[in-house]
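Enquirer: Here's the letter readout for the chains.
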Amino acid sequence: ETGVTQSPTHLIKTRGQQVTLRCSSQSGHNTVSWYQQALGQGPQFIFQYYREEENGRGNFPPRFSGLQFPNYSSELNVNALELDDSALYLCASSLAVGTLSGRTYNEQFFGPGTRLTVL
Amino acid sequence: KNEVEQSPQNLTAQEGEFITINCSYSVGISALHWLQQHPGGGIVSLFMLSSGKKKHGRLIATINIQEKHSSLHITASHPRDSAVYICAVSNSGGGADGLTFGKGTHLIIQP
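Residue numbers (this note's numbering), protein chains in the order written: chain A, 1 to 119; chain B, 1 to 111.
No lab work stands behind these hints, which were simulated from the structure alone. Any given hint could turn out to be false.
Some but not every residue of chain A turned toward chain B, in silico, with C-beta under 8 Å [to be verified]:
#: 1; residue: Pro43
#: 2; residue: Phe45
#: 3; residue: Leu90
#: 4; residue: Ser94
#: 5; residue: Tyr105
#: 6; residue: Glu107
#: 7; residue: Phe109
For glycine and all other residues, C-beta sits at the position ideal for the given N, C-alpha and C.
Let the hints inform the model, and build the full structure from the sequences given.
Expert: In structure tokens, the structure reads:
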């Protein structure tokens, strides 16, 4: 069973640039969630993708966007980078079953994270 | 007020001690998660529970849904247990399952 992987591990960008972070979900999982963890803080939910569609979103501006591909891997894109975007970006994959009104989510498995520094 | 509160924020103990970390939440949840994060960032899921009690090795997690409270216990603690322990809740209600996290408990076990 292949675990959750993320790339790159580290990234340095400057203000105003755009960045794409990648996540490969664990085999058999259909849901990917993205989180931002600023230094010394707990992670914050950015958004979640289920079967290639955005399934829910936290309190992040539209310049944070994402994609999920048919193999359930995912990308997080951030446009117009700001200094405060410097953080550890974590993705987590899980298996969801059922319909929207009664969907059940199983345990989330986290990747190692991408540390983004914006200068 | 944060929806998920953990205590203590920091805990230093001697090897072999029984450790308890507490988590209280203020929202309806579908599940509660206990996670472990080591320096460098990697997060490992320890438990996902919605009722009762779960045990894995020296770790025990309990939840009281009526009181909106959960505890993580570590028996016979060891220096390798030193890490940040994070409580997180799912309140999906059938929609997205984005977790809401506590701020974590920084645990140090001294030899």
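Enquirer: Each hint needs a verdict: does it hold in this structure or not?
Expert: Evaluation of the provided hints:
{"no.": "1", "hint": "Pro43", "result": "holds (5 Å)"}
{"no.": "2", "hint": "Phe45", "result": "holds (3 Å)"}
{"no.": "3", "hint": "Leu90", "result": "holds (6 Å)"}
{"no.": "4", "hint": "Ser94", "result": "holds (7 Å)"}
{"no.": "5", "hint": "Tyr105", "result": "holds (4 Å)"}
{"no.": "6", "hint": "Glu107", "result": "holds (5 Å)"}
{"no.": "7", "hint": "Phe109", "result": "holds (6 Å)"}
Taken one by one, the earlier hints all hold for this structure without exception.
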